[in-house]
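K.L.:
Whenever a hint applies, use it, and build me the whole structure from the sequences.
Chain by chain, the residues run as shown.
Protein chains: 2
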Amino acid sequence: MAKGLLISVSGPSGAGKGSVLAKVKEMDPSFGTSVSVTTREPREGEKEGVDYFFKSKEEFTQMIEEGEIIEYDEFVGNYYGTPTVALQEMSEEGTDVLLDLTIAGSMALKENFEQSVTIFLLPPSLEELENRLKGRGTESEEMIKARLEVAKNEIGFVGNFDYVVVNDDIDEAAKKIYSIITSEKCRVPRNIELLQSL
Amino acid sequence: MAKGLLISVSGPSGAGKGSVLAKVKEMDPSFGTSVSVTTREPREGEKEGVDYFFKSKEEFTQMIEEGEIIEYDEFVGNYYGTPTVALQEMSEEGTDVLLDLTIAGSMALKENFEQSVTIFLLPPSLEELENRLKGRGTESEEMIKARLEVAKNEIGFVGNFDYVVVNDDIDEAAKKIYSIITSEKCRVPRNIELLQSL
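Just so you know, the sequences run in chain order A and B. Be aware that the first sequence starts at 1, since it is given in the numbering used here, and climbs by one per residue. Be aware that the second sequence starts at 1, since it is given in the numbering used here, and climbs by one per residue.
Keep in mind the hints are simulated off the structure, nothing from the lab. Among the hints, erroneous ones may be present.
As the list claims (entries may be wrong) - Each pair of labels, with its calculated beta carbon distance range:
hint	chain 1	residue 1	chain 2	residue 2	range
1	B	Ala146	A	Gly159	48 to 56 Å
2	A	Glu58	B	Ser125	50 to 58 Å
3	B	Glu26	A	Glu193	27 to 35 Å
4	A	Ser30	B	Pro124	16 to 24 Å
Heads up, the beta-carbon is just placed ideally off N, CA and C, and yes, glycines get one too.
P.N.:
Have a look at this one:
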């Protein structure tokens, strides 16, 4: 059986990754998703292995050292990471997995898995990105300025990705991502078994 | 402006290229198609430049020598070819062009145009291909046997194509080809102008 694809979507804060990925999953609920590992305390109602895998900082550090985490990020003193083993297992079972990864995470995925597909989601323009960040109404002028600087830096990495999708419309962007996945399954190197059977 | 893609579909006789390509054009009538050059006499109602470009054998031979024809084939004593210039012009204008080419034609396209996308259309199985050829009711047992031998040979070339699509359902196969085209437009190397503008 062909391995499931590991599809990562990266992009600057405000590009709309969350909404677009939710729409893709709506289009096809059979996609797998990754449960992150975190060092923060479980909140009420959160379940181990469903919402997160909860680990101590020591355990988390050990996982990093042993290559069990493909990427991690720090947020208000806690670590959040994507575990490698779960991705491998889902892919081996033939499940396609959608991942919301940092740029470093997508690059690590590309380096480690031949069944990876890396997509960079772009906002229509930097002006529009600024409007979206302002529209959230949750961040100071200075924080937004900082985020825009980070975004400009991040956009410089697009060249390392396989695909680029401009998110000027969530439905259209989701359809494009879905087309990329359909298309990748038709690529000749991904159909060796089929071709050998003929 | 980004160049239009030159999308070729090849495959053995009976794979269903004609029906699948007609379905793709139905999904999006904006695709360009190539008008072939032929040495046969125009039939009643056929128009120069619409149905075919009608040429003498001498003119046709000269076009081949001058590299103006990307592929050609002989059928009952007449030549049929795909002219290169028309493809270039449509592509430069930003039009995506759908082409029904021989295997040699797809390989020539791939070699000459970086905006090419080559797709091999497969029948679901050789048994099904045999059934389809028999179902046409137009060919002798021997001719069908010969076609199947040719098909087996042709299938050996799939590895040189970019994509492989199995035609077990015309609508599904057409949707896959449409997805491949959408996806190719998102590939990073095809978006250099967009990335430079950022």
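K.L.:
Each hint should be assessed against the structure and marked as holding or not.
P.N.:
Verification of the hints:
no. : hint                               : in the structure
1   : B:Ala146 with A:Gly159: 48 to 56 Å : holds (50 Å)
2   : A:Glu58 with B:Ser125: 50 to 58 Å  : holds (56 Å)
3   : B:Glu26 with A:Glu193: 27 to 35 Å  : holds (32 Å)
4   : A:Ser30 with B:Pro124: 16 to 24 Å  : holds (22 Å)
In summary, the structure agrees with every hint in the numbered list given earlier.
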